[in-house]
Structure formats: structure tokens, C-alpha cells
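2 protein chains.
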Amino acid sequence: MPTIVVDVMPKAELLDPQGKAVSGAFARLGIQDFSQVRIGKRFELTVDGEVTDAVLAEARRVAEEVLSNSVIEDVVGVSVDGAEVRA
Amino acid sequence: MPTIVVDVMPKAELLDPQGKAVSGAFARLGIQDFSQVRIGKRFELTVDGEVTDAVLAEARRVAEEVLSNSVIEDVVGVSVDGAEVRA
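As given, the protein sequences belong to chains A and B, one line each in that order. Heads up: the first sequence begins at 693 in this note's numbering, then just goes up one per residue. Heads up: the second sequence begins at 693 in this note's numbering, then just goes up one per residue.
Chain A is faced by these chain B residues, among others (derived, beta-carbon under 10 Å):
#1 T695
#2 I696
#3 G711
#4 A717
#5 I723
#6 S727
#7 T738
#8 V739
#9 E750
#10 V754
#11 V768
Because the hints were derived from the structure by calculation, they are not lab data. All C-beta atoms in this analysis are idealised placements derived from N, C-alpha and C, irrespective of residue type, glycine included.
Produce the complete structure using the sequences and hints provided.
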């Protein structure tokens, strides 16, 4: 069954304490390749049947209105896994 | 600056109560297009300089050993945003 993936990240101007904590852990572990870590959410929405334009539009709407908080987060991606988007 | 994106999801056999809560919210809101919701994490690791094979290998290693808990989570993707992977 096709899956729609919605990626949500904290806004760039926010501190993201979880990401800072991971950055600190990297420093303590001697991992130096990554200068910054930010942590967001990945939602996988399973679709029964075909991913039509209407379903994709509904996914974009719920991504903005239900799955993310637009005060502190940005929806950075809505994409289809496991099936092509029907034109 | 290039960013390496690491996607981590709860294992398929786990319940994922957060995802179930969102599914329940969808039902109450009359959103019927999505039969299942699962929620994982998206890490963005900023790399200073070029994403070499060594940096990508290090990202894969930290994805498995630091960013995910292999008892309950799977690393479902490690990819480069904003720059090509050097061959």
C-alpha cells in the first residue's frame, strides 16, 4: 500500500534543545563531522488504494493543519513512497 | 552547507501510540483518506565542507549507534540534501 511521507522540522530560528543535546553527545563521543543537529518528525500516512491528486492535497492540508504547529514548525516535505503520484 | 538526513521509524511490530493518537484525531476530524499513521524522527546533520564517503559512512554509523535504538527503531534512510555524494 502506498505511503505518504510528511516531514516536519522545527523552524530555523528556534533553538531545538533535543538537537543541541545530540550535538553535545557527539562532542563527548569524539564525533566531529557534524557541526549542527536538528531533530524533527517524520509521519508515514498509509493510503488504502491509489494516491490521487485529491488524496495528496488532503495530505498537504493535514500536514499544515494537524501534523505541524505553524508557530514553531515548518512542513519541509510531503512525498509519496511506494507509488507514483497520479497526474 | 550540505545536510545529511537520517530517518528513523519505530519498528513495524511496535504499537506506536503517538501514531495511534493521530489516527484517532483523524477519525474525529472526519479525515478518512489515511488508514494508518506512524511517527518517527528526522535528523538533519549539518556537514562543514564536503560530504565524502568517510563522512557518509560516519553518518550511517551514528544513525545506527547513537541516533536510533535498535531494539525499538529502524533507520529507514540516510541521504544527502543540498549536495551530491562524492563517488
